[in-house]
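Trainee: Here is what each chain is made of, one letter per residue.
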Amino acid sequence: GQQLNQSPQSMFIQEGEDVSMNCTSSSIFNTWLWYKQDPGEGPVLLIALYKAGELTSNGRLTAQFGITRKDSFLNISASIPSDVGIYFCAGGLTGANSKLTFGKGITLSVRP
Amino acid sequence: DAGVIQSPRHEVTEMGQEVTLRCKPISGHNSLFWYRQTMMRGLELLIYFNNNVPIDDSGMPEDRFSAKMPNASFSTLKIQPSEPRDSAVYFCASSRRALAGNTDTQYFGPGTRLTVL
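Here the protein sequences come in this chain order: A and B. The first sequence begins at 1 in the working numbering and counts up by one. The second sequence begins at 1001 in the working numbering and counts up by one.
Take the hints with a grain of salt, since some may be wrong.
[Said to hold, decoys possible] DEER-style ranges, computed between Cβ atoms:
| id | chain 1 | residue 1 | chain 2 | residue 2 | range |
| --- | --- | --- | --- | --- | --- |
| 1 | A | 44 | B | 1007 | 14 to 22 Å |
| 2 | B | 1071 | A | 68 | 40 to 48 Å |
| 3 | A | 5 | B | 1038 | 34 to 42 Å |
| 4 | B | 1058 | A | 112 | 42 to 50 Å |
| 5 | B | 1040 | A | 27 | 19 to 27 Å |
By construction, these hints were calculated from the structure, which means they are not laboratory data. Ideal Cβ positions, reconstructed from N, Cα and C, are used throughout, including at glycine.
Based on the sequences and whatever the hints tell you, model everything.
Mentor: In structure tokens, the structure reads:
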């Protein structure tokens, strides 16, 4: 079945640094979503991408839908302590009964 | 909008007991998803509904698991009998499914943390 690869499993950065996360797939998706999960909460949508090559920003976050449709990346600029959490990518396909495939997530730690 | 509502937030039960998790999707959303999250396996889709009809239950681990959606504003996930390996966080998510076009964004509830002793 389809799988999304996110690595590394954990990232440690200093406050103020930029960080980039990749998500790759062996198959094509036509929707890419990035979610963040805080401890004890459900995943919250950060950015949604619907078109190959699309580059979308949400504050300090920027995400891109890869041209091949098999990857996406998320950039966080000028990290702050509240950026700590688990970041999930998810891919979806067009269709009446399509569903999302999630990566295993990257745990981000930000040192003050 | 209140968002997706799940209850209870925490459930501790003994092996063999029946467990029922509840979900109220966002008003106007017509798709509902049940996920299970563990450290080892990450987020796993268990089952999802479109317009209250179960579409894909291939992720339901065994016959001990069942899910219903009697109307557009309520769904349950039941485990009977429960086992320690069912301990996990169970999430419900909903989306407004379009007839065509891109996959719709899913919005997650806060989850139910289940512990089976």
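Trainee: If a hint holds in the structure, say so; if it doesn't, say that too.
Mentor: To see whether the hints hold, each was checked on the structure:
1. At about 19 Å, the beta-carbon gap between residue 44 of chain A and residue 1007 of chain B stays in the expected band of 14 to 22 Å.
2. A C-beta distance of roughly 42 Å is found between residue 1071 of chain B and residue 68 of chain A, which places it inside the suggested range of 40 to 48 Å.
3. Hint check: residue 5 of chain A to residue 1038 of chain B, Cβ distance near 19 Å, so the stated range 34 to 42 Å is violated.
4. Restraint check, residue 1058 of chain B to residue 112 of chain A: a C-beta distance of roughly 44 Å satisfies the suggested window 42 to 50 Å.
5. At about 24 Å, the beta-carbon gap between residue 1040 of chain B and residue 27 of chain A stays in the expected band of 19 to 27 Å.
Hint check: a violation occurs at hint 3 only; the rest are consistent with the structure.
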